[in-house]
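Asks: Spelled out, the chains give:
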Amino acid sequence: MQTRNYVSPAACVPFLLALSMMLRAQSGLADKGASDLDVSALRSQLRWKDEATKLNYLANKRAVTEELLRAIDSFVEQTYGPAGVTPGQIAKGVDSLVGRSSSEIGSAVALGAQLSRGKFLVLAVEVPRGGTAIPEDIVSFRAYTIADGSASLVSHLELEREFLVDLHILPLPSAFPDSIGLIAWADLPPLTPFSLIVRVLNFDGESFRVVWEPTDFITGNVQSFVALTSVGFDLNTLNSRWTTKVLQRYTISSGTVEKLEEIDLGPR
Amino acid sequence: MCAQSRPTGTGYVTAAFSGTTLYAYAQTQLSGMQIPPGTKIIHTVTAGFSLGVKGGSLKPFAQSASAGPQNSQEVEEDGDIPDDGDVVYIVVAGDTAGCNYFGTIWSDTGTTSYELLPAITSLQGSAGSAFTPHVDTPQSAGQTLVIKGANLTAAGQSNPPQICVNGVCSAGGAISATGFHLGGSWNVSDSSITIPYWVDATATAGNYSLQLITAGGAATATFSVTDATPVITGVSPSTLAVGVQTTVTITGSHFGTNTPKVSLSLPNNGVAVLGGNSDSQIQVSVMAAAPGTGTLSVTAEGYGGQGFLGSPGGGQTASAQVTGVGISLSIQQGPIPVSTGDTSDSFGVSANPSNITYTPAISASLASNPNSSCQAGLNFPNTPSGQGTLYVPVTATGGANSCSGIFNVIAAAGGPTASTQIVVPPQIMIQTEVGEAGAQTQPGDETMISLLLTAKNRFGDSTFPGGSASTWQAVLVPSRYYGASNATTNGVEPELKNAAAVFAGETTESILNCEAYWSPTNPQFATLQTWTNKQANSITDTSWPSLVGGPYLWLGTPKQAVIKASILNNAQAASNLAPAIVLFRPAPSPTAPAVISIP
Numbered sequence: 001m002q003t004r005n006y007v008s009p010a011a012c013v014p015f016l017l018a019l020s021m022m023l024r025a026q027s028g029l030a031d032k033g034a035s036d037l038d039v040s041a042l043r044s045q046l047r048w049k050d051e052a053t054k055l056n057y058l059a060n061k062r063a064v065t066e067e068l069l070r071a072i073d074s075f076v077e078q079t080y081g082p083a084g085v086t087p088g089q090i091a092k093g094v095d096s097l098v099g100r101s102s103s104e105i106g107s108a109v110a111l112g113a114q115l116s117r118g119k120f121l122v123l124a125v126e127v128p129r130g131g132t133a134i135p136e137d138i139v140s141f142r143a144y145t146i147a148d149g150s151a152s153l154v155s156h157l158e159l160e161r162e163f164l165v166d167l168h169i170l171p172l173p174s175a176f177p178d179s180i181g182l183i184a185w186a187d188l189p190p191l192t193p194f195s196l197i198v199r200v201l202n203f204d205g206e207s208f209r210v211v212w213e214p215t216d217f218i219t220g221n222v223q224s225f226v227a228l229t230s231v232g233f234d235l236n237t238l239n240s241r242w243t244t245k246v247l248q249r250y251t252i253s254s255g256t257v258e259k260l261e262e263i264d265l266g267p268r
Numbered sequence: 001m002c003a004q005s006r007p008t009g010t011g012y013v014t015a016a017f018s019g020t021t022l023y024a025y026a027q028t029q030l031s032g033m034q035i036p037p038g039t040k041i042i043h044t045v046t047a048g049f050s051l052g053v054k055g056g057s058l059k060p061f062a063q064s065a066s067a068g069p070q071n072s073q074e075v076e077e078d079g080d081i082p083d084d085g086d087v088v089y090i091v092v093a094g095d096t097a098g099c100n101y102f103g104t105i106w107s108d109t110g111t112t113s114y115e116l117l118p119a120i121t122s123l124q125g126s127a128g129s130a131f132t133p134h135v136d137t138p139q140s141a142g143q144t145l146v147i148k149g150a151n152l153t154a155a156g157q158s159n160p161p162q163i164c165v166n167g168v169c170s171a172g173g174a175i176s177a178t179g180f181h182l183g184g185s186w187n188v189s190d191s192s193i194t195i196p197y198w199v200d201a202t203a204t205a206g207n208y209s210l211q212l213i214t215a216g217g218a219a220t221a222t223f224s225v226t227d228a229t230p231v232i233t234g235v236s237p238s239t240l241a242v243g244v245q246t247t248v249t250i251t252g253s254h255f256g257t258n259t260p261k262v263s264l265s266l267p268n269n270g271v272a273v274l275g276g277n278s279d280s281q282i283q284v285s286v287m288a289a290a291p292g293t294g295t296l297s298v299t300a301e302g303y304g305g306q307g308f309l310g311s312p313g314g315g316q317t318a319s320a321q322v323t324g325v326g327i328s329l330s331i332q333q334g335p336i337p338v339s340t341g342d343t344s345d346s347f348g349v350s351a352n353p354s355n356i357t358y359t360p361a362i363s364a365s366l367a368s369n370p371n372s373s374c375q376a377g378l379n380f381p382n383t384p385s386g387q388g389t390l391y392v393p394v395t396a397t398g399g400a401n402s403c404s405g406i407f408n409v410i411a412a413a414g415g416p417t418a419s420t421q422i423v424v425p426p427q428i429m430i431q432t433e434v435g436e437a438g439a440q441t442q443p444g445d446e447t448m449i450s451l452l453l454t455a456k457n458r459f460g461d462s463t464f465p466g467g468s469a470s471t472w473q474a475v476l477v478p479s480r481y482y483g484a485s486n487a488t489t490n491g492v493e494p495e496l497k498n499a500a501a502v503f504a505g506e507t508t509e510s511i512l513n514c515e516a517y518w519s520p521t522n523p524q525f526a527t528l529q530t531w532t533n534k535q536a537n538s539i540t541d542t543s544w545p546s547l548v549g550g551p552y553l554w555l556g557t558p559k560q561a562v563i564k565a566s567i568l569n570n571a572q573a574a575s576n577l578a579p580a581i582v583l584f585r586p587a588p589s590p591t592a593p594a595v596i597s598i599p
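For the protein sequence lines, the chains are A and B, in the order given.
Counting in our numbering, the first sequence runs from 1 upward without gaps.
Counting in our numbering, the second sequence runs from 1 upward without gaps.
Some hints here could point you the wrong way.
With a Cα cut of at most 25 Å, we get these calculated BS3-like pairs of lysine-lysine [claimed, not checked]: (1) LYS497(B) x LYS54(A); (2) LYS49(A) x LYS61(A); (3) LYS497(B) x LYS456(B); (4) LYS259(A) x LYS245(A); (5) LYS49(A) x LYS497(B).
Residues from chain A shown here face chain B by an in silico Cβ test under 10 Å; the list is partial [to be verified]: (6) THR132; (7) ILE134; (8) PRO189; (9) GLN223; (10) ALA227; (11) THR229; (12) TRP242.
Here chain A is said to cover these stretches of chain B; the calculated rule only asks that three of the stretch's residues, wherever they fall, bring their Cβ under 8 Å from a Cβ of chain A [as the list claims (entries may be wrong)]: (13) 288-300; (14) 550-557.
These aren't lab readings, by the way, just hints derived from the structure by calculation.
Quick reminder that beta carbons are idealized off the backbone N, C-alpha and C, glycines included.
Looking at chain B on its own, in the form it has when it is part of the complex (with noise of 0.2 Å):
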């Protein structure tokens, strides 16, 4: 607020020049004007003037308006203030022989004015709440900092008033102090400034002076920046598997950028803070050692050196509540066939309740590895984390060599376990089923299996090559077997299912002791039909071959042909209404039929 125009009244002032200008402050209520204490009462000098004693003879003063004021100077009193001739009181510094000095205007050579002091009543937060600022409040969070009080304005300066913050000085415009900010846009009225502020995550939590500066005086003010109350605002897991080591992610505000400490109510095995945590969230490794429900909390350690600076009646510590559940396990139950070809196989694990994360342990071991003259090797590349039914996928080496092997697979996740087994076959059994009846595949057709079993059947018997050794490498080759020539690298289906089948003993398809077969076309299989009601010993070792395209084996013995019934008819137009294959074996005896069927 300010006048413009002369009051009148007496009272005691104080008088000090600076510069050109004298500031005379009332120290008491200047009779006859409504200028309380401490109002700064300005005369600005254009020209000399006289101060004379009070009571005394009028002693000239030709004070310039640069030298300043003059300790024990006099002014004369003419009864009327603060006009030129009015009597002002004067106390000088250093003038210990008299308090009560005044002094007169003498001559009216300038204007003058009075200016009210500022005063701060409060610092309030946006809408009347308390201001308390903290650190890592962002810019985007709107705070706002009001400044109440009285005079916060002066006349003859613009608007808004000098604001400092810790000595760093604006009138209107953004200051940044120590990671402090009051934004450049001031809402300004003599009672109350409103002006936005925003603090750092790295600005210094303490104390804080500001400084409200008019032409009437300075009023000051002090606040502190301390470090917020930390908030978790989600946990996730928030169901923790006993016994299950578990990466806790927390979500939240507030956390520091020191490594917060995080403890877990319910019996643990330490928690761990991993690494890469931020303000806003944490990542932990805890495992619950019991089931119940319990509290994770994070205490915050602050930001940099400074650690944790609280405000009053916040926190440094928030908290969640988490449940810790047993578990129970179950795995994809086997034989889980897998071929050395393959990279895209897995087989899945589930937990019980279905809520939980957990990351299973998998384990494999060889069973067993029959007739095989190489054994694979199993890998599990990754082991997947997650709730409910996780997908493990596996590989197996070793191709090349048709290597194979039946695993005993073991999934574990903190006590509980679940077994299976992995089956992976040779890969020439997948081949020659490829190679000799890879269109086969319709469901129920038993060609596939057949045409395996009649080289299992080979193992033993010295006759055929490769059956002494007893292994499907020694036994599946191209020179008996055509489809040994196939290229398959994969575990292509149903032949990977089939040959896992058969390598793995599950089948029970039967093909009595046959250890050939063929494939007739339908005018040979039209013959052979017709064999049904012969003796095996009538049927010579060149009608085999030349009238039903049997093969040239076991000359001199009579041979049986063997139609199972679950080998479907082939694929093949040409031999659509044959068998895929006719199951070929000697006689039981010369007089034995020339063809039997079997389911």
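Okay, chain A solo, but in the shape it has when bound (with noise of 0.2 Å):
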């Protein structure tokens, strides 16, 4: 199994520049003239400001939302492959046609990863959704496998909840034998302390399985909610009243999500 840690989306602007440059030139978004304008467009169409565009946005957003994955598939397809973009480049160049700047929370993550099925790219991107007050962003987790020095989709699998934001994931290195496994989390706004949907999923070469789908979690920190341990991962949780953090322990045993213990920590 070869997978890459947690990337961090360090700047790379001039690569994104070049990534533009390549969309417009090679990809069929600029084929048909679409390109970044096309994008944009359908940027605009998930987010709504008044009753009026709330109503456009509630009828098209399926629609919109899966016709911006497939620019971020023809994105990915026509850029990852050839020799010296990496991963985090591609994540960039997402966060770049999702409108939102690296630096901005729920960046994209990319990930790649050689498994005996062959050699894979797994995406997680957050796309920005909804009104002007809460976040109803959507994230997919794609997953493309690399052939010939081209990307192509192979499987995807969507997150969504009715208010959505901030998307975080981590690598789950050795839980997931010859597959990619991921914990990943997001924030459910407004609420605050920040109310939390927690996932553990794989991709096997094939396809996405959610490992582990617990009911959400409150944190006082959605960054460090969660830290990898050598067994599994631990969960830095409040109790229900929001007074004591309580430490979660998990182990992951045969593709397994297990809880070890729960360790009061005090007041919160």
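Assemble the dimeric complex from its two separately framed chains, guided by the hints.
Replies: Given below as structure tokens:
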């Protein structure tokens, strides 16, 4: 199994510009004359600011989201493969496509992996959506197979709630043999302390599978909510009254997540 | 009185046998003897004797003791009476030929005695009062009958004499005659007999005969059992509120078992005698129509079918004074908060003067139900009755759907009315307060109010879920307010008061136009305070949640934290140096301060 660790979206502006030019020159989007303009229009349709635009949004958000995700696929398929393009650069390019700068919350994450079934790229992208107040983002996990110097979509899995924002991903390098394991979490705004949706999933070279689908957690800090351990991961949660820190420890064994213990860490 | 010795004297007597005894009654004063006319002279026969005719020849009379008297019998006079050989005059019934028969007890074969006739001179009550027994005189009243007279006892028989009431007789024992009772404890002398008596409530009123019987004869008297004059000992209430239907309890005695007539001299709407009245208590319902002083009169109708039988000098009616007064009404000032889950809420209604009894009539109507999707019902399960300040229970329905309403409530007592307002906030407001800020109960802490105002500020803002619906039920949902998942079903305080104030728009608190908030920890608040001099556009979207704990809202827009002084510090120990909540909104301008403070 070959995986990469969590990729921090470091700045790479010159390469994004090159990617953009590549899109214009090579992608189907460019061929259709859409390119940035069309993607921008799609992004625009996924945002609403009043009742009228909200109604239009609600009527079209699924189709538009899918179209935007297909644009992302096109970008990845036409971009990933050439020598020198890294998953991190792909992630930055995807963020640019969906209209997010890499410094913003919920940046895309791309992981490359060599599995027995071949070489793959797994992308987790958070598509900004919703009104001006509460984000209604959708997270899509997309896996591409890399062969003959080009990428093609193999599988995808979406994570969607009424409100969602700030996707975080950590790979679980040893938990799932010959597959890519991930723990992903995102905030469910506007609640504070933060309410989080958490999923453990893996990609085995053919499809995504949700391994663990717990009920939502409450935490005081989204970024540091998950800490990887030698046997699995820890979750830094709060009790239901938000008064006490509770460390929840989990192990992953044979592809199954099991709770080891809860440790009361005292007042928040 | 008796005399066992043989008296001497002459006079006229009448005589007759009864069994073996010859009873001769003196008709005139027997000469030489202190035996008054009417005295019974008794000669008990132990053997045969003869009677002869005065002045005639001796005619032995072999009268057997059992043969009884004979007409026109003659006896010989020997000049002495009433011993053997003495002359007694005998008037024999049916003899029309001569009246001055006399006879001689010819043979002294028995004993002769005489008894004086009993005479009843008067019947008296206790302590010399008149004997006026009336119906419903309980035994416990200790009343006594005193029979005054002469010769009330007799020789040869055990005291006391036999007394009969309406033919029911006893010598010293209890007597019961149609509800009139003489007790078994007699105090007897020749001139006076004292006997306890009582009269049932069901006794027959009317004339009764009393007969006293001794060996000397019988004496009779009559008396009447009458219905007692009713007596009122209490009227409650004695002050009647004009225009208020009032239940008045009249206590006393001798009201009878038939429904009495009750009247009020003040103008009124009619006096209705309520059911369940008794000989000592009556309840009536009456409404005085004008102020003033008047009388409440009870006219007894007696006991059972006989109606009322008054005693001489007695009466049938009793009266008591009552006063009709005009009243003024006041009611607890609103808004009075009520939760749909409360079972013991009430509000006060007061009447002046405070000594009148009234029953306020309560009515309610919906005044408004702002920003709510469900209207609550208002009930007044029990209307109290009494004096002074009364507390009217009130309940509200519709808790399951968080129903609500602002109701105008009117209390009326006759003419006067008073009104107030009852506010039933949506239960979801209370639940959200309990769930999010249940520990912020310090006086002056506006945390709960501010929390609810953030939701109110979302009304009309379509960018927040429920904002377009503009209802508390649509905005306060668990996915936006943790506290909305709280299951509190009643009106805990101060949450109820706060919810009612916000729901009714009574609060004057300002949170600017903030639609969001969060509860920073002590370190987060310390960081936030360092942003006071920073511009809103210098704080990134990421910094709000990651550095100070703010919510993910208005991404891409400069934001501003609002610290409200009247939101006291968090009751949680780990956040006790920070306000319970910090308000949050889009900054008025990108260059506006990232943090501001308001009162």
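Asks: A separate judgement is required for each hint: does it hold in the structure or not?
Replies: Structure-based check of each hint:
For the proposed pair LYS497(B) and LYS54(A), the alpha carbon gap of about 37 Å is over 25 Å, so the pair is violated. For the hint pairing LYS49(A) with LYS61(A), the CA-to-CA distance comes to about 14 Å; that is within 25 Å, so the pair holds. Among the hinted pairs, LYS497(B) with LYS456(B) is consistent with the structure: their alpha-carbon atoms are about 16 Å apart, no more than 25 Å. Using a Cα cut-off of 25 Å, the hinted pair LYS259(A) and LYS245(A) holds, with the two alpha carbons roughly 17 Å apart.
The straight-line distance between the Cα atoms of LYS49(A) and LYS497(B) is roughly 36 Å, outside the 25 Å bound, and the hint therefore fails. The interface hint given for THR132(A) holds, since its Cβ lies 5 Å from the closest Cβ of chain B, which is under the 10 Å cut-off. Below 10 Å, beta-carbon pairs count as interface contacts, and ILE134(A) has one with chain B at about 6 Å; its hint therefore holds. This hint holds: PRO189(A) has a C-beta 4 Å from the nearest C-beta of chain B, less than the 10 Å allowed.
Here the hint on GLN223(A) is kept, as its CB sits about 6 Å from the closest CB of chain B, short of 10 Å. At its closest, the beta carbon of ALA227(A) sits 16 Å from a beta carbon of chain B; the interface hint therefore is violated under the 10 Å criterion. The closest approach between the C-beta of THR229(A) and any C-beta of chain B is roughly 23 Å, which is over the 10 Å cut-off, so the hint fails. For TRP242(A), the shortest C-beta to C-beta distance to chain B is roughly 8 Å, which falls under 10 Å, so the interface hint holds.
Here's how the stretch 288-300 of chain B fares: 0 of its residues keep a CB closer than 8 Å to some CB of chain A, so the rule of at least three is not met and the hint is violated. With 7 residues having a Cβ less than 8 Å from any Cβ of chain A, the stretch 550-557 of chain B passes the three-residue criterion, so the hint holds.
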